[in-house]
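Trainee: Please model the entire structure based on the sequences and the hints provided.
Residue numbers (my numbering), protein chains in the order written: chain A, 1 to 353; chain B, 1 to 353; chain C, 1 to 353; chain D, 1 to 353.
Check each hint, because a few of them may be wrong.
Repeated chains share a single entry, so a pair holds when one copy, or any two copies, can fit it.
[What the hints assert, rightly or not] Simulated crosslink set (DSS-like; lysine-lysine; CA at most 27 Å straight-line):
id, residue 1, residue 2
1, LYS217, LYS132
2, LYS118, LYS191
3, LYS14, LYS350
4, LYS14, LYS320
5, LYS306, LYS132
6, LYS191, LYS217
7, LYS132, LYS37
8, LYS320, LYS299
9, LYS306, LYS37
10, LYS320, LYS118
11, LYS132, LYS299
12, LYS191, LYS154
13, LYS320, LYS191
14, LYS161, LYS350
15, LYS14, LYS191
16, LYS299, LYS182
17, LYS154, LYS217
18, LYS161, LYS37
19, LYS118, LYS41
20, LYS306, LYS191
Keep in mind the hints are simulated off the structure, nothing from the lab.
Spelled out from the first residue to the last, the chains are:
There are 4 protein chains.
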Amino acid sequence: MHFGSDNVVGASPKVIDAIVAANGGAMASYGDDDLAKGVEKQLGDIFETDVSVLLMATGTAANGLALACMTPAWGEIFCHHDAHVMTDECGGPEQWTGGAKITPLPGVGGKLTPDVLKAALEAPRRGIHSVKPASLSLTNLTECGTAYTPDETKALTAIAKHHGLGVHLDGARFTNALVGAKATPAELTWKSGVDVLCLGATKNGALAAEAIIFFDKALAETAHYRRMRGGHLLSKGRLLSSQFKGWLADDHWLTLARTANAAAARLAAGIRQQNAMRLAWPVNGNELFIVMPESTEQKLLAQGFKFYRWRHEAVADGEKPTGDEVLCRFVCSWQTTDAMVDQFLAAASKASA
Amino acid sequence: MHFGSDNVVGASPKVIDAIVAANGGAMASYGDDDLAKGVEKQLGDIFETDVSVLLMATGTAANGLALACMTPAWGEIFCHHDAHVMTDECGGPEQWTGGAKITPLPGVGGKLTPDVLKAALEAPRRGIHSVKPASLSLTNLTECGTAYTPDETKALTAIAKHHGLGVHLDGARFTNALVGAKATPAELTWKSGVDVLCLGATKNGALAAEAIIFFDKALAETAHYRRMRGGHLLSKGRLLSSQFKGWLADDHWLTLARTANAAAARLAAGIRQQNAMRLAWPVNGNELFIVMPESTEQKLLAQGFKFYRWRHEAVADGEKPTGDEVLCRFVCSWQTTDAMVDQFLAAASKASA
Amino acid sequence: MHFGSDNVVGASPKVIDAIVAANGGAMASYGDDDLAKGVEKQLGDIFETDVSVLLMATGTAANGLALACMTPAWGEIFCHHDAHVMTDECGGPEQWTGGAKITPLPGVGGKLTPDVLKAALEAPRRGIHSVKPASLSLTNLTECGTAYTPDETKALTAIAKHHGLGVHLDGARFTNALVGAKATPAELTWKSGVDVLCLGATKNGALAAEAIIFFDKALAETAHYRRMRGGHLLSKGRLLSSQFKGWLADDHWLTLARTANAAAARLAAGIRQQNAMRLAWPVNGNELFIVMPESTEQKLLAQGFKFYRWRHEAVADGEKPTGDEVLCRFVCSWQTTDAMVDQFLAAASKASA
Amino acid sequence: MHFGSDNVVGASPKVIDAIVAANGGAMASYGDDDLAKGVEKQLGDIFETDVSVLLMATGTAANGLALACMTPAWGEIFCHHDAHVMTDECGGPEQWTGGAKITPLPGVGGKLTPDVLKAALEAPRRGIHSVKPASLSLTNLTECGTAYTPDETKALTAIAKHHGLGVHLDGARFTNALVGAKATPAELTWKSGVDVLCLGATKNGALAAEAIIFFDKALAETAHYRRMRGGHLLSKGRLLSSQFKGWLADDHWLTLARTANAAAARLAAGIRQQNAMRLAWPVNGNELFIVMPESTEQKLLAQGFKFYRWRHEAVADGEKPTGDEVLCRFVCSWQTTDAMVDQFLAAASKASA
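Mentor: Next up, the structure:
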């Protein structure tokens, strides 16, 4: 039973159906297919504004390309220290930008706070001897499974814009944040100051499909050259556009995320009943971070449950794992069932006894 | 009717079936799936040697990454002036290598000859003031639809190796060359001095699937970091490995290429019957380059036939288009039928009258 | 006796004196010294317009930085095939720009002509699949020792600007061109469409001093970050600014160039008297390119005269070296005396006999 | 009176004399002059081993180039959070390496400790998703004016080497560390595990002269290409080699550093007598970091004394500036006299009263 990540499962049948349906006949290559234009229009409708959209096969590429459109080689990118762009992309943003510097900032549960961002931006700099603050990269759902509200996002982007920064939102699990929020896609993004969103479908039911959505269309000016040159323009673009078509149709993307979030909520509720385990911070989407004794962790792994150990930095002081406790990440997907959750909870209960 | 490229059609049903078949259940992410290991083994069998394989979604990315493994930032890459890496990748190899220089060389019908390569490598250089010769990039099937024999390849790679160069083979249409050759995959590649092959499945029946095959496995040492960092490691790797599984099974890849080549041969035979048209050079695969009057070209385009105008540099002196003649490229795919070819030939005959 | 290059001699005593004179006392570091401001003002006066100036230690760095300010990583730079940026900088512009492509163009005697540039810019491109034309790099005095007139420059920059290109002028020997021209510094540069000039002092009497002069001051916006990051901002900036101060004072820079040009003219006159030697093209500055029998070349080298063999591409058809003839470059400097020239001519006469 | 930096003064007269002496006559260009060979030999003698030496005009360039020889684009560089390569080079190392990541580590008084380095290297990584640990960059004299002993250096480099890292030593003020240490140049460098030293002469009496000294000569293999391509190979190399000749002759470099260190020691002794001021950490060279009330700082600045405010991170817990205290950096140079020091101390005493 796999709680390791939401990328170990395949695609939703509806997404597969859409790939199959788009396979017949000749179609313009290199992203000029009508399906892609339809997806761009549909995303514009969903986000209630005119957008420029580039479809990509990976989130790592989408993030790097988006950041490069707002960050020169001598620029500085600010993000949480657990951000995917900081820790999991093997220096991808550095490559896309030609060597920009990423400055990691702390924040409990993966969320940046205005005071920390403000302090970083107001710290003394030495003119051209220092790199130049250029962009803020947020993640929603955060890497810790927490969510920013529109107000929280606004508070951060206001500071960023005051200092002339562009704002990038890594939305690998944006849909999980969206369905848990009392807010529209627009409110969670451009209405809160986001300039470009990398909307991930892959982790939420697609096979390999991400959309860079430019709300600030001027930022997209160089994006098409960057994508081509980076080798990310698929000749048979229908592979990407068809996935988005199937994913967006009939609110399927929302349904998938609701399923994953519900599984995570059920799991969280069960964990709260356990004496030997506790949640490291609130669960706002489909990820849980559980503090447990190492002995429990080992027993569960030995039984074949899959999940990963996590670093402690984002746990609040006073709540950090102590003694032999460890922090572990659990991710639910649109394929996670109640039965799976219950089976894990039963095993966890026994393992902690 | 589309003779514009072999990437305007979708994937072969067998490839689609393989994607669908691989969609169920949990599978290791980021290329560690068993399917990928199977593909690596199968390619090793086909090429009769131990290989390192990285699966990629685009040929532009595969070429750039492969070249970067053998070319430092101050390196020089030699290739034909019509090579895809030179003219169609928006500077992709330059990005992957950190700024290497590509030196284009002439050659009739897209093929380099030993004398030209030798002269380029023996030209005086100025030590560190000049970029350093680092790699030879060949294409087979060439961009002009001609093919290198193993002996021709060997003659070029021997010169390259004498000067310490690595040898890259862009095989976007390698299968079309293979089925037209009296040679094995091994003879066309490592037995003829090729260090790394970018084997394209996309143009020959897949949706988006390319394999970088390192025959010199030491060259692959940095490749995994480069792929990750470039954003080219798909989290759901099964999308790529399943396509290769379906494509390679039961010699399906060969069948597809034979179909496309047969269509091209039929088209070529018909063109040879036409007074007002002629082939610019031999047809060895699924591409034809036809010299015709501009008025004929315009009539055919007006009737909805799709094909592209091409540059003249690779036409031999004495055979170049003259007067109002133009050079046009036609590509057949595994979906091109005899009926399509015959319909075009009839129209061409009429348009030239 | 050294005709190999104008960089094998040291600096003019007046330049050395200026370095010594500026050595005392505390002075703002990192280019903020008053001397530097004075040089910027003086260059503005000389060029009759407001300019942004960055002082650099090498011409290779100046060229690369200047081109990077007008050429994105996916940009295309057009220049003569003998241009220093193309052949002698080990890929420097590629590094500064993040991987731009340099397209070399032909031209007799090192000079581009409007028809060649026009054809290059009007050749069919494939949108984002091709690199994007971004800049024209001219050299005056050219690498072949010829000079562009303002009208010739204007004809080229007009085409460049029509296609949206920036114009860079490599002026490693600009002063040699200037003193030979019936034109002002302004007429040779911004009044003829040049956006940025790299004015070299090193070859003409300094030790290591080049000025990037931005006539289009908007282009300079990113230059200071690029210089710092490239490690080209000297902490004791007075080393560069003092050289320029001494070099510009009392028209010393013009005097130095006139001396070198006069030596070259004397040498050229002598060569025209020789039966076995001929000039490959006109001599407009301090460089000569002489066609001579290889046997003569070998005798002169054996006697200790220093000069270099050169490639033939820029020689006009019909005038190229034939049989055992070779093309050799001779450079005169501000230290070349009449006696040196006459000694060489006597030896040449004897060697050809 | 300027305590701002040791780069606001000019060069020692002996260095200027050497520049002047080397100015006459023809000399091989581009670093092939005999002076450069002599400097390489002399540095080999001083460091008691065979070395490869590249002379450079700036320390920022030297550091970046040296790090690039041991750090791939996907590499990770570890250094102190106050290191020049981290905070003062506008992303220079990122440019030279093609986008490596620099990980800053804490340490009181600018010095790394084994436990911190070990923890950083033993922290869990995610294979190719993480950047790859590649190099350790130390600074001696540190940016905080403290010095590593050979034993301290050895303890750090042993950990680095255990993890396969290369070791770079930024020696912008290496001579100041050397003359304060009971150790030889060899003991402070390669005998303690340093692979490459960037030896700065600029701050200690030259105008612009740094030497990259490769103890691991294999690391130098690519260095000459990198220097050329970066625009850092001076055509009149004598400018750099002559400075080193004058600087090294008769132990002049040691004499200069001793003078600067003595001034700093005198200043430190005076500060220790002041009630309202204290030293943040030991003074091992020519830099002092003084904690003082902001009001005192303001009075001293108003009187024309020059020095800079500094960040607090490297101050030990319990000793950090409190209330209205600030931390200020003072640098003595080879031109700082006892009279200057005493004048400042008198003013400081009065300002604190």
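Trainee: Compare the structure with each hint and give your call.
Mentor: A quick look at each hint next to the structure:
When the C-alpha separation of LYS217 and LYS132 is checked against a cutoff of 27 Å, the pair qualifies both within a copy, at 23 Å, and between copies, at 20 Å. When the C-alpha separation of LYS118 and LYS191 is checked against a cutoff of 27 Å, the pair qualifies only within one copy, where the shortest distance is 21 Å, while the shortest distance between copies is 45 Å. For the identical chains of this complex, LYS14 and LYS350 are neighbours neither inside a copy (38 Å) nor across copies (47 Å), given an alpha-carbon limit of 27 Å. For the identical chains of this complex, LYS14 and LYS320 are neighbours neither inside a copy (42 Å) nor across copies (52 Å), given an alpha-carbon limit of 27 Å.
Proximity of LYS306 and LYS132 under a CA criterion of 27 Å is satisfied inter-copy only: 26 Å between copies versus 42 Å inside one chain copy. When the C-alpha separation of LYS191 and LYS217 is checked against a cutoff of 27 Å, the pair qualifies only within one copy, where the shortest distance is 15 Å, while the shortest distance between copies is 36 Å. Taking the shortest alpha-carbon separations for LYS132 and LYS37, only the inter-copy value of 24 Å comes in at or below 27 Å, while the best intra-copy value is 36 Å. Proximity of LYS320 to LYS299 under the C-alpha cut-off of 27 Å is restricted to the intra-copy arrangement: shortest distance 22 Å within a copy versus 46 Å between copies.
Proximity of LYS306 to LYS37 under the C-alpha cut-off of 27 Å is restricted to the inter-copy arrangement: shortest distance 21 Å between copies versus 40 Å within a copy. Within a single copy, LYS320 and LYS118 get their C-alpha atoms as close as 26 Å, and across copies as close as 22 Å, so both meet the 27 Å cut-off. Taking CA atoms no more than 27 Å apart as the test, LYS132 paired with LYS299 passes in neither setting, with 49 Å inside one copy and 31 Å between copies. Only within a single protomer do LYS191 and LYS154 lie at most 27 Å apart by alpha-carbon distance; the minimum there is 8 Å, versus 49 Å between protomers.
For the identical chains of this complex, LYS320 and LYS191 are neighbours neither inside a copy (35 Å) nor across copies (42 Å), given an alpha-carbon limit of 27 Å. For a Cα distance limit of 27 Å, the shortest separation of LYS161 from LYS350 qualifies neither inside one copy, at 51 Å, nor across copies, at 45 Å. Within a single copy, LYS14 and LYS191 get their C-alpha atoms no closer than 31 Å, and across copies no closer than 46 Å, so neither meets the 27 Å cut-off. In this assembly of identical chains, the alpha carbons of LYS299 and LYS182 never lie at most 27 Å apart, being 39 Å within a copy and 56 Å across copies at closest.
Taking identical chains as interchangeable, the C-alpha atoms of LYS154 and LYS217 lie at most 27 Å apart only when both belong to the same chain, with a minimum of 20 Å there against 36 Å between chains. Taking the closest pair of Cα atoms, LYS161 and LYS37 never come within 27 Å of each other, the shortest separation being 31 Å inside a single copy and 34 Å across copies. When the C-alpha separation of LYS118 and LYS41 is checked against a cutoff of 27 Å, the pair qualifies neither within a copy, at 36 Å, nor between copies, at 39 Å. Neither within a single protomer nor between protomers do LYS306 and LYS191 lie at most 27 Å apart by alpha-carbon distance, with minima of 38 Å and 44 Å respectively.
Violated hints for the displayed structure, listed by number in ascending order: 3, 4, 11, 13, 14, 15, 16, 18, 19 and 20.
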